[in-house]
Amino acid sequence: MRRAWLFVPLAVFVALAALLLRGFYLDDPHDLPSALIGEPLPRFELPRLHAPETRVTTADLEGRVALLNVWATWCPTCRAEHDALARITEATGIPIYGINYKDDPAEARRWLERYGDPYAFSIVDRDGSLGIDLGVYGAPETFLLDAAGVIRYKRVGDVNARIWRDELKPALEAVLGRRIEAAPFPGVEGRS
Amino acid sequence: MRVRCIVAALALALAAASAGAAIDVYEFESAEEQRQFKRLVEELRCPKCLNTNLAGSDAPIAADLRRQVYRMVREGRTDAEIRRYLRERYGDFILYEPRLTPATTLLWFGPLVLLAIGAGVIVAILRRRRRAEGETAPLSADEQARIAAALAAAERDGEPDAGADRDGRAS
Numbered sequence: 027m028r029r030a031w032l033f034v035p036l037a038v039f040v041a042l043a044a045l046l047l048r049g050f051y052l053d054d055p056h057d058l059p060s061a062l063i064g065e066p067l068p069r070f071e072l073p074r075l076h077a078p079e080t081r082v083t084t085a086d087l088e089g090r091v092a093l094l095n096v097w098a099t100w101c102p103t104c105r106a107e108h109d110a111l112a113r114i115t116e117a118t119g120i121p122i123y124g125i126n127y128k129d130d131p132a133e134a135r136r137w138l139e140r141y142g143d144p145y146a147f148s149i150v151d152r153d154g155s156l157g158i159d160l161g162v163y164g165a166p167e168t169f170l171l172d173a174a175g176v177i178r179y180k181r182v183g184d185v186n187a188r189i190w191r192d193e194l195k196p197a198l199e200a201v202l203g204r205r206i207e208a209a210p211f212p213g214v215e216g217r218s
Numbered sequence: 134m135r136v137r138c139i140v141a142a143l144a145l146a147l148a149a150a151s152a153g154a155a156i157d158v159y160e161f162e163s164a165e166e167q168r169q170f171k172r173l174v175e176e177l178r179c180p181k182c183l184n185t186n187l188a189g190s191d192a193p194i195a196a197d198l199r200r201q202v203y204r205m206v207r208e209g210r211t212d213a214e215i216r217r218y219l220r221e222r223y224g225d226f227i228l229y230e231p232r233l234t235p236a237t238t239l240l241w242f243g244p245l246v247l248l249a250i251g252a253g254v255i256v257a258i259l260r261r262r263r264r265a266e267g268e269t270a271p272l273s274a275d276e277q278a279r280i281a282a283a284l285a286a287a288e289r290d291g292e293p294d295a296g297a298d299r300d301g302r303a304s
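Heads up: the protein sequence lines correspond to chains L and B, in order. Each residue of the first sequence is one higher than the one before, starting from 27 at the first, in our numbering. Each residue of the second sequence is one higher than the one before, starting from 134 at the first, in our numbering.
Worth flagging that the hints you see were computed from the coordinates, not collected in a lab. A couple of the hints might just be wrong.
[As the list claims (entries may be wrong)] Between beta-carbon pairs, the in silico distance windows are:
1) L:L36 <-> B:K171: 16 to 26 Å
2) L:E116 <-> B:L240: 24 to 34 Å
3) L:L46 <-> B:I255: 22 to 32 Å
4) B:E230 <-> L:R69: 25 to 35 Å
[Stated by the list, open to error] Non-contacting residues of chain B with respect to chain L, defined by C-beta distances greater than 12 Å in every case (computed):
5) A142
6) C182
7) N186
8) I194
9) A195
10) D212
11) E214
12) R220
13) R222
14) I227
15) P235
16) L259
17) A287
18) E288
Even glycine gets a Cβ: it sits at the ideal position worked out from N, Cα and C.
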């Protein structure tokens, strides 16, 4: 029976190795958990993309459940997710506000004209200061806001059919308190 | 001459390596401010680049955050205030040292605990070995004399069972 003790180091090693091996398969290390989940939107006052003389403030983003999408013309992935965003807002009626992040406003307006504008409106964050307050470190990123303007979910990376099905739709349903019947991506629905 | 060239080349290479990859030019009012900036920017992690600090990263977000730290240093904020500002927005990841919370106690103390266990095991093994050695310790002078006498008696008597005479008594 004393011999059993000899296997303890091996058992410890195997347990440690299993734990560390699992670490390889956890989320993408680039995907940092947001520090702002459960926090209200930061205070800001920035120009509107299509009406630079008018100012958008935090209050303009409060009042209903909405998505806040960080995008830019220099971001190729934003181009790729553009269609998905349009589908989501059209199918569900949930507004998407855009933050044009560290971009040229004139270029941004041309980009939207060319590819379509899924946003209720876009905000010009020229120097990225609103981005820093939101913990943004790249584009695209998407936040889910509840009616009180509290951040409830953050997606680092593009929104697509899979993310909609696995993450965004469940998060929206949790915030709305009801099922979403609309199907922005026909053929890709179904609970996982 | 060759040796001196090699040493000079090495020294230059090392000096270059210690400079940050980024080349912003920030002006400071005092050496203390400059030291504070350098200290923070070397200890804060770039959120986009995983294993790089803010000082060494070329990513745009790192440049933005360097500028933010610079602004706060010039405003006279303390290290703690600047760290908290960034942690509130980017989470614990941006600090190389995770805060001590119930969740991170395993991370902080785990290695120490493992080390203590390992040391304990070694001590236990050594102690067991020393006890075993005690049982085969060299004989004392008195014990040696008794064995010598017993062997001598066995040779004299020519008996197979050394150490006892015909009556079975030890001599």
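Against the structure, the hints:
About 47 Å separates the C-beta atoms of L36 (chain L) and K171 (chain B), a value inconsistent with the hinted range of 16 to 26 Å. At about 46 Å, the beta-carbon gap between E116 (chain L) and L240 (chain B) misses the expected band of 24 to 34 Å. Taken as a hint, the range 22 to 32 Å holds for the pair L46 (chain L) and I255 (chain B), whose Cβ atoms sit roughly 24 Å apart. Separated by about 30 Å at the C-beta atoms, E230 (chain B) and R69 (chain L) satisfy the suggested range of 25 to 35 Å.
Non-interface call for A142 (chain B) relative to chain L: holds, since the shortest CB-CB distance, roughly 36 Å, exceeds 12 Å. With a least beta-carbon separation of about 9 Å from chain L, C182 (chain B) fails to lie farther than 12 Å from that chain, contradicting its non-interface assignment. Interface exclusion of N186 (chain B) from chain L stands, the closest Cβ pair being 14 Å apart, more than 12 Å. Against the 12 Å criterion, I194 (chain B) falls within the reach of chain L, whose nearest CB is about 4 Å from its own CB.
Its beta-carbon lying about 9 Å from the closest one in chain L, A195 (chain B) breaks the requirement of being farther than 12 Å from that chain. For D212 (chain B), the condition that its CB be more than 12 Å from all CB atoms of chain L holds, with the nearest at approximately 18 Å. Annotated as non-interface, E214 (chain B) keeps its C-beta farther than 12 Å from every C-beta of chain L; the closest such distance is 15 Å. Distance to chain L contradicts R220 (chain B) as a non-interface residue, since its nearest Cβ pair spans about 7 Å, not more than 12 Å.
The non-interface label for R222 (chain B) is inconsistent with chain L: the shortest C-beta to C-beta separation is roughly 4 Å, within 12 Å. Here I227 (chain B) does not stay apart from chain L, with its beta-carbon only about 9 Å from theirs, under the 12 Å limit. The Cβ of P235 (chain B) sits about 17 Å from the closest Cβ of chain L, beyond the 12 Å cut-off, so the non-interface label holds. Listed as outside the interface, L259 (chain B) is consistent with that label: its C-beta sits roughly 16 Å from the nearest C-beta of chain L, beyond the 12 Å cut-off.
With a least CB separation of 39 Å from chain L, A287 (chain B) remains clear of the 12 Å interface cut-off, as annotated. No Cβ of chain L comes within 12 Å of the Cβ of E288 (chain B); the nearest lies about 43 Å off, and the non-interface call holds.
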